[in-house]
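Chains as they are written, first to last, in the numbering used here: chain E, 816 to 1185; chain W, 816 to 1185; chain P, 816 to 1185; chain B, 816 to 1185.
The hints are simulated quantities; they were obtained by calculation from the structure and are not laboratory data.
Among the hints, a few may not be true.
All copies of an identical chain are treated as equivalent in the list; a pair is satisfied when it fits inside any one copy or across any two copies.
[To be verified] In silico SDA-like links for lysine to any residue, alpha-carbon gap of 25 Å or less:
#1 K1179 x A1035
#2 K1134 x V1091
#3 K1184 x G964
#4 K1134 x G847
Number of protein chains: 4
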Amino acid sequence: MKNTFGSAVSLTIFGESHGPAIGAVLDGLAAGLPVDADFIAACMDRRRARGDGLSTSRTEPDRVEFLSGVVDGRTTGTPLTLVVQNTNTRSGDYAKTAALLRPGHADYTAWVKYEGYQDARGGGHFSGRITAAAVAAGAVCQQVLAGLGVRVYTHIARCAGVSDAPLPGDGSLPEEAAPGHFSLIDPAREIPMQQAIRAAGAAGDSVGGILETAVAGLPAGVGEPFFDSVESQLAHLMFSIPAVKGVEFGAGFGFADLTGSAANDAFRMGADGRVVTATNRNGGVNGGISNGMPVVFRTVVKPTPSIYKRQQTVDYPAKADADLVIQGRHDPCIVPRAAVVQNTLTAFGLLDLLTVRYGTLAQKHGLPKA
Amino acid sequence: MKNTFGSAVSLTIFGESHGPAIGAVLDGLAAGLPVDADFIAACMDRRRARGDGLSTSRTEPDRVEFLSGVVDGRTTGTPLTLVVQNTNTRSGDYAKTAALLRPGHADYTAWVKYEGYQDARGGGHFSGRITAAAVAAGAVCQQVLAGLGVRVYTHIARCAGVSDAPLPGDGSLPEEAAPGHFSLIDPAREIPMQQAIRAAGAAGDSVGGILETAVAGLPAGVGEPFFDSVESQLAHLMFSIPAVKGVEFGAGFGFADLTGSAANDAFRMGADGRVVTATNRNGGVNGGISNGMPVVFRTVVKPTPSIYKRQQTVDYPAKADADLVIQGRHDPCIVPRAAVVQNTLTAFGLLDLLTVRYGTLAQKHGLPKA
Amino acid sequence: MKNTFGSAVSLTIFGESHGPAIGAVLDGLAAGLPVDADFIAACMDRRRARGDGLSTSRTEPDRVEFLSGVVDGRTTGTPLTLVVQNTNTRSGDYAKTAALLRPGHADYTAWVKYEGYQDARGGGHFSGRITAAAVAAGAVCQQVLAGLGVRVYTHIARCAGVSDAPLPGDGSLPEEAAPGHFSLIDPAREIPMQQAIRAAGAAGDSVGGILETAVAGLPAGVGEPFFDSVESQLAHLMFSIPAVKGVEFGAGFGFADLTGSAANDAFRMGADGRVVTATNRNGGVNGGISNGMPVVFRTVVKPTPSIYKRQQTVDYPAKADADLVIQGRHDPCIVPRAAVVQNTLTAFGLLDLLTVRYGTLAQKHGLPKA
Amino acid sequence: MKNTFGSAVSLTIFGESHGPAIGAVLDGLAAGLPVDADFIAACMDRRRARGDGLSTSRTEPDRVEFLSGVVDGRTTGTPLTLVVQNTNTRSGDYAKTAALLRPGHADYTAWVKYEGYQDARGGGHFSGRITAAAVAAGAVCQQVLAGLGVRVYTHIARCAGVSDAPLPGDGSLPEEAAPGHFSLIDPAREIPMQQAIRAAGAAGDSVGGILETAVAGLPAGVGEPFFDSVESQLAHLMFSIPAVKGVEFGAGFGFADLTGSAANDAFRMGADGRVVTATNRNGGVNGGISNGMPVVFRTVVKPTPSIYKRQQTVDYPAKADADLVIQGRHDPCIVPRAAVVQNTLTAFGLLDLLTVRYGTLAQKHGLPKA
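Looking at chain E on its own, in the form it has when it is part of the complex:
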């Protein structure tokens, strides 16, 4: 349904980069759930550009306003609508290049799809800025999950040729990075990673990377066998994030060269009388349904298409080949900022699946004992 997704909990995203505001409608929440403005602000801050040579110098406060569904810091149970005003828009930078299609961007596809009526300023509806609304809505969901004992964590597994440490082998999740820092398990990788990103930026180029998410505390039995598998649900959401071009669960593409005996996760009785798996190569999902182990997946984020090197392109109105040198403000790498988008959209996707199984009221009153 285009810009609305979800079964029991649904999320509608709207807005253009240089329009009055971007926003989201989150429907299907129980009433009385706490909405912690500080937590949302912290998530917004993780997504926000910082103007430090690593990300665009467009630095807006990204203050989240609730238009509906929240009173006195609690959900009312009706649609929760939030908006973020667009305050720092310099459309002039973009207007110059409007006729020239930016390679790797949606300029051409938008032109064809919207027949010239698209809002092209700043990427319009295709701008990464739109994800700010998703982050705010997903942050609300993440808090609801936390109240149910489900924790979602995302780190930069690899970026600009620098890899992070792997997830702990015991199924535990690392702590969130401190505010203002890259989401990394090993903080020592931050400076080399930033240096590599800056080097790409200094060369007028950009870099991509891999984001890895792990979810702990999700009970077994969530998700559906065919179209609404945990994997389908999360992949659908991840591929809606601009620049994500791949999603893999557990051993992912590594499965291609494994044998079954090396790929299967042996079942064992856990210390607490619950069934566990000795390994987690299936990423916490069997047959599309959560198995109680951490849900683990990775996405690949392509390099920012806006680079400062001269590129070959087309002047679309003139229907002629042309050269393009992009102006304006652009991140040499969006991977660090995308981490919180992936994290919060994962929270939304899993809250939806949990609600299908346990009902709206369980969001507030808790899951039944397994």
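We have chain E already, so just place chains W, P and B on it with the hints.
Okay, now just chains W, P and B, sitting in the frame of chain E:
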């Protein structure tokens, strides 16, 4: 919506491996579209087990019966329902192992989700057999696409350590493999690939692989910017195929180590006055919307979880650790059979997106000139 | 979504009157729910024609076969698919009149919509016969509701000019009529009603009527404030029943001439400490949400369009005015048979809304104490 | 899906009466469609209270702001979001009565559903004010329909015991009433109707009425045979309007006492070579699908539940019987204001069905010749 997917064209899948029948309801087709029973039968045959040591010895005719929506070889415009009878079910093989959870399978998650009431015979609703219904329905969609000038092709990019030749660099699609043969661009790879699969099977083990799909003729402008991107739509469907654990478009996970200048596809004016890209690293999709170049993506299919080696597991009713040696009939590799599932579900997913943009009637009357 | 409806529980209907079979897919049921074949058969029997001059002489056994989702009389939690074979089809009767549009029927609209490819035999997908599948699926839902303490009752409030007694004033529901009898509160009205129907039939004409449904035991708080109100949900389903042309809740169209003071239902504390209303003019629904009083609504069923009197019409292929005298087998009144369709679809619609609020598992484990 | 409705075009409604703003997201529009602010403002004005003793003295300007999806007076093809600020909220009036359930309102059901966390001020999400957002969004749809040659008209068929003249017998639609006037076919009925409403208000009471809608120019073949019939679609939307308690098409409940020969509409060849019906008792719909004749339906709007007479009710927190005398500002009749809500939501519902059949692009490029 659990076992139903699609916006303008929807597909509902039902059935258990050892129940009376499996089937599908395909809704949203125009009236008067040809339904070619021979083409559907050929697709079913590509999916079917062949009992030659490469796939399970369960060899059912898989004859597709239409219960509704087709008269005299044409769609009526009302829901098209098809069923495939389950004729060759030897539940005895499975009953023995019902208490022991098969690693890598959905036995445990089904038990938790369905509280012991699941149909466990032969994997029940989680069996790969259910995909036969998807193939039949998707084959109908593939024919509709063909009538609109859109062709879908899938080959085994890699399996059991043997890789196929790459897709042609000129955007053309290879011919379909002859009936009874693996879907490969280079037929010379078939015998080495089969030998590698047989070797794994002879060792009581199994292997996985990678399937690559390319779609030619899809007009630019199809798909939606956020949740219903071409990538979200296709990934959602691919991850509903049992054993698929990863999906990537274009350069996919390779983007992680590319720079923007190496990742962007330059736009050029094509010979026919249409905009093309000089390369296709974005897999035919920009901003979630088709750009007129071939849509290219790969999935990874994990090794068959049913292996004959002794495995550690749990006796679930007894809540005790146990060993398991699987009996019954199982493919050492399902990748070759999964190719047609991926191909036909891709056809369904794209027909849905095309119908959103052009309407139901366009399925029959053709797309407007670009 | 065309032939699929429902949020947490969804129903897909398929089939043509003279095709191989009609059927339904019911998805979103919990596992382990009892499926009582006798109860379903009894519902099917209430809908079935009896060939006694009151309904069409087409008397098929209407045996329900389960293709999936049921094992050993219990749901498995996966899609429940049922079919009813079409065994007694005499298409010859219809072929004669295919060129002549039957007034009041969907012949013309089907021709336009499906461009001549519709299955016109016996009304095809528009036949009242399709409702048999809805009855079977809804009967399953009705049993689930019964397990949750929710009872659904429908009677013929008026038919052929004869009215039934009103619903009891105390909110209790009457007993179901005995098998083979009209669904009436006052059995003494049956013979006059049948006589009036037969008289219309003997005159080559037909009659309509009003069906009234009451639901007891539905907890307060079910339904959504705007688009998914109890009223929207049930009206959507009722208007999908062929021949239903109106739906009203509580005082319904009578509200037009009431004052607010006569229309409002005063709240009072009930004997059991729950809030009740002194009257029930709002039909158990305030603001789209159930208030714990019986949900009461009425539909109007138009007279059977198939009559034996000569009618003016159009020969569609010839594009010429023409006269039509209908042959074949047709009920002079479908109101008595439609009662069970209304009753079972109501059960489906309410089970869906209950599941949204309480979750899938609650279908089996019961609703939380209020 | 709770507060989102529609297949190809979807509408999401949000907001509370005394929250910061109400609004709507309209998704699925083609790009380049004109958005006429004056027409929208005129529709808003028809819905707005006028403080003249006929409607509440809450008179807000109801200015529609577009947050997304519109640039330079044209749609961009991405989600169109509009908000209306709540500027004139006197919550004090309501706070006094918060503990006392208002009969006929959603106070009780909201309390149960939202467990005390509802925004009770001014009716919150249940307020008729929420319909302002629906009017603005529907007005956009109405303009799109106008561009396709489809016109929607609604009048007050009956109110406060005064009936309007009937719709013209020739299928033509009356002119819209002048701004500031009741939507009536016969302007001479306005003063008696207003007098009757004022008389009810002066007595501390309220009145209801009947709204009738007619749609001209809708091509035959729109709508689906089962769940997405024209009747199901429109009834679903109408019953989402607060206070609507009944919907009937064509002869509606009058069918109960008609014979088939009096109910059927004879087909005839029209002057322009198209098939027409000699009468229109089926309200332009056969088998759920439009037949090319005007779509005609009526709704009943119950009397405003807020009356000034003393009423019996319950103090919900105290769980005790109590008396209530409502303060604040309330219309003695909302029927005149509801007319434009019905009209614009009808436009939305039909645009959705048209788009399913003809595709998104047809909204801009027109319907194919029949």
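Go through the copies and call it for K1134 and V1091: within, between, both or neither, with a Cα cutoff of 25 Å.
between (60 Å within a copy, 11 Å between copies)
Using 25 Å as the alpha carbon limit, work out where K1184 and G964 are close: within a copy, between copies, both or neither.
both (12 Å within a copy, 24 Å between copies)
With identical chains, the pair K1179 and A1035 could be close in the same copy or across copies; at 25 Å between alpha carbons, which is it: within, between, both, or neither?
both (19 Å within a copy, 18 Å between copies)
Since the copies are identical, ignore which copy is meant and state whether K1134 and G847 lie within 25 Å (CA to CA) inside a copy, between copies, both or neither.
between (56 Å within a copy, 21 Å between copies)
Checked against the numbered hints above, the structure breaks none of them.
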